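The listed protein sequences derive, respectively, from chains A and B.
If you read the first sequence in our numbering, its first letter stands for residue 338, the second for the next number, and so on.
If you read the second sequence in our numbering, its first letter stands for residue 704, the second for the next number, and so on.
A couple of the hints might just be wrong.
What the hints assert, rightly or not - Pairs of lysine to any residue, SDA-like flavour, derived with a Cα cap of 20 Å:
1. Lys347/A <-> Gln388/A
2. Lys439/A <-> Ser813/B
3. Lys439/A <-> Leu841/B
4. Lys439/A <-> Leu415/A
5. Lys439/A <-> Ile344/A
6. Lys439/A <-> Ser777/B
7. Lys430/A <-> Lys835/B
8. Lys835/B <-> Leu445/A
9. Lys439/A <-> Ala725/B
10. Lys430/A <-> Leu855/B
11. Lys835/B <-> Ile434/A
12. Lys339/A <-> Leu855/B
13. Lys835/B <-> Gln388/A
14. Lys439/A <-> Tyr828/B
15. Lys784/B <-> Ala725/B
16. Lys835/B <-> Gln350/A
17. Lys835/B <-> Phe427/A
Claimed, not checked - Looking from chain B toward chain A, a few residues come up when the C-beta cut is under 10 Å (computed):
18. Ala707
19. Ile800
20. Val801
21. Val802
22. Ala825
23. His827
24. Ile829
25. Gly844
26. Leu855
27. Val862
Please keep in mind that the hints were generated in silico from the structure rather than gathered at the bench.
Given the structure is predicted, the values throughout are model-derived calculations rather than measurements.
Glycine is no exception: its CB is placed at the ideal position from the N, C-alpha and C atoms.
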Amino acid sequence: MKGMTLIVKKTAQLISGLIFLYGIYVIIHGHLTPGGGFAGGVILAGAFILQILASGSDFMKLTKEELGSTMYENLAILIAVFLSLSGLLFGAKVFFINWLPKGTPGELVSAGVMPLYNIFIGIEVAASILTIFLALVIFKEEISE
Amino acid sequence: MEIAVSIIAGLMILGALYAIHAKDLLSAVIACGIVGYGLVICFLLLQAPDLAIVQIVVETISLIIMVAVVLDSSREEHYSKPDAQGYVSAVTAIILIVVLFYFFKVASDSLDAFGTGTLRMAEHYIEGAAAKTGSANLVTGVLFDFRGYDTLGEATVLVTAVLGVLTILRIKGKK
């Protein structure tokens, strides 16, 4: 995939950082405001996809990047499963129980394990969508070679 | 509000119909976008901002991927004259639509009016959900506490889908 003109590249470089920060905001405030792991994860993936579309596929050594994204995806879902299993170890010994102290509703650190689930589901969704996009880009280039 | 939702739903149906009949595949993909973004406005009007955020982001990214695919293909839809089997399928589809619509009408007459009345299960969720889950956002509370198994299943489905995509698309691994 070829990159676009200089104007598009510079604009994408300026904007994608802001999009990335917004995705992190949506994930971390998932238990307070609308949004959460799924929405924020797709926004994070969108920041990377914007960069790749603007700068072309030789922008960040894509074959290695794809390996990295699959690794993050699998690790994140593994940690989410372990988090749900950790309810068996602590508290009331029930699968998927919210065993951390809940705190006051409306504060940033509250709701027990829920923010942790949000963060790891967010990483997992971002890495999955980025992996699908990169697979479409990389394997198409392998065909055309 | 019902009128606004009906108008947008009509526009979505028109966009879907245009997407079927468009000659150029790029305009068909963009007409598909009308359906997705119309759904976003419907979600916002029906006061579901969580769904609206997810829908607008997923729609944008899937539209980007579909446009990239269409730009690499021939961009033209192959048109073939319908044969006898095509007519049989069309008649079957129309009969099926009429039957389904009739039963849908019968079923929807026995429901509450749109927007009124909550299910017994939903009442249980809404009452004191902030105290039970500690989460100020009720949707996240339902997603990760009451329906935690569902969310874990969804995430696993996404991982499985990525594994499937990588397995199907890999060329080097096959050789």
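Verification of the supplied hints:
1. Lys347/A <-> Gln388/A: Status holds; Cα separation ~10 Å.
2. Lys439/A <-> Ser813/B: Status violated; Cα separation ~41 Å.
3. Lys439/A <-> Leu841/B: holds (14 Å)
4. Lys439/A <-> Leu415/A: Given pair Lys439/A, Leu415/A is violated - Cα atoms ~24 Å apart, limit 20 Å.
5. Lys439/A <-> Ile344/A: violated (48 Å)
6. Lys439/A <-> Ser777/B: It is violated: about 56 Å lies between the C-alpha atoms, which goes past 20 Å.
7. Lys430/A <-> Lys835/B: Holds, at roughly 18 Å.
8. Lys835/B <-> Leu445/A: This hinted pair holds, its Cα atoms lying about 17 Å apart.
9. Lys439/A <-> Ala725/B: violated (54 Å)
10. Lys430/A <-> Leu855/B: Holds, at roughly 18 Å.
11. Lys835/B <-> Ile434/A: Given pair Lys835/B, Ile434/A holds - Cα atoms ~12 Å apart, limit 20 Å.
12. Lys339/A <-> Leu855/B: violated (38 Å)
13. Lys835/B <-> Gln388/A: Between Lys835/B and Gln388/A the Cα gap is close to 42 Å, so the pair fails against 20 Å, i.e. violated.
14. Lys439/A <-> Tyr828/B: With Cα atoms ~17 Å apart, Lys439/A and Tyr828/B stay inside 20 Å; holds.
15. Lys784/B <-> Ala725/B: holds (16 Å)
16. Lys835/B <-> Gln350/A: Outside the cut-off at roughly 43 Å; violated.
17. Lys835/B <-> Phe427/A: holds (18 Å)
18. Ala707: At 21 Å from the nearest chain A Cβ, Ala707/B fails the 10 Å test, so the hint is violated.
19. Ile800: Ile800/B check fails; min Cβ-Cβ to chain A is 33 Å, beyond 10 Å.
20. Val801: violated (37 Å)
21. Val802: This hint is violated: Val802/B lies away from chain A, its Cβ roughly 36 Å from the closest one there, beyond 10 Å.
22. Ala825: violated (18 Å)
23. His827: Interface hint status for His827/B: violated (17 Å vs cutoff 10 Å).
24. Ile829: It is violated, given that the least Cβ distance between Ile829/B and chain A is near 14 Å, above 10 Å.
25. Gly844: holds (7 Å)
26. Leu855: At 6 Å from the nearest chain A Cβ, Leu855/B passes the 10 Å test, so the hint holds.
27. Val862: Holds, because the Cβ-Cβ distance from Val862/B to chain A comes to roughly 5 Å (cut-off 10 Å).
Going through the hint list in order, the structure does not satisfy hints 2, 4, 5, 6, 9, 12, 13, 16, 18, 19, 20, 21, 22, 23 and 24.
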